Amino acid sequence: MLDRIRSAIDTPSEPVDVPRSYRTSLPAGVDLIERFAERVDDYRAVVRRSSERELPATVRRALEGHHVRRVVTPPGLPPGWVKAVGSIELVADDPPLTHAQLDRIDAVISGCAIAIAETGTIVLDAGAGQGRRALSLLPDLLVCVVRANQVVGDVPEAVARLDPRRPLTWISGPSATSDIELNRIEGAHGPRILEVIIVVNGARTYVRKESG
2 MLDRIRSAID TPSEPVDVPR SYRTSLPAGV DLIERFAERV DDYRAVVRRS SERELPATVR
62 RALEGHHVRR VVTPPGLPPG WVKAVGSIEL VADDPPLTHA QLDRIDAVIS GCAIAIAETG
122 TIVLDAGAGQ GRRALSLLPD LLVCVVRANQ VVGDVPEAVA RLDPRRPLTW ISGPSATSDI
182 ELNRIEGAHG PRILEVIIVV NGARTYVRKE SG
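Counting from 1, position 43 in the sequence shown corresponds to residue 44 in my numbering; the numbering is continuous, with no gaps.
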């Protein structure tokens, strides 16, 4: 439809340069990892910390803690992440599973594109190790691995680093809504349970620095 509209215009419009130098609000000196973990916990998600070496065991504990029997793995997921899951069945989304098949799987494990400290938000962009949007919506449990260098301070920083042409999914805690009587209902439009594993290695500190 948009192509037909463009072709009907006599004078094609020039591309518009959209500035992406957004103002940020998080002050210097904030520990990004601590702030992110605190915000994720506020959303009633489970926060785990891990080193790279301990990551396979941490993933296994996250899955076993919810009695997972089958977990879907998106294309490009590092195989080392799931090498210690034991008897848990790994189901590859290649070729893509149907919605009915995904609905019968207990969990999905995924990486992310960006995580936002100030809001506790995780952003997926369908890149390697994340898969298509349906994977993060249909299984009951989402286990998301966030590397410390993927955590930014606030939303303007995240937007500046993300590609707006990619399919972006913004996740702030487990899926939840409230009915007219303000009763909280979890799992209405996404995973009912969210486990976030933050991978930090070495003694490096992740502290917000002065901009500019």
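Since the hints were made in silico from the structure, they are not lab data.
Honestly, I wouldn't trust all of these hints.
Derived Cβ-Cβ restraints for the label pairs, each shown as a range [to be verified]:
1. 128 / 8: 31 to 39 Å
2. 58 / 16: 26 to 34 Å
3. 8 / 166: 19 to 27 Å
4. 95 / 39: 13 to 21 Å
5. 68 / 102: 33 to 41 Å
6. 171 / 53: 45 to 53 Å
7. 101 / 150: 15 to 23 Å
8. 8 / 96: 29 to 37 Å
9. 3 / 67: 42 to 50 Å
Just so you know, these numbers come straight off a predicted model, no measurement behind them.
Every residue, glycine too, gets a C-beta built ideally from N, C-alpha and C.
- Query: For which of the previously enumerated hints does the structure constitute a violation, in increasing order of number?
  - Reply: 2, 4, 5, 6 and 7
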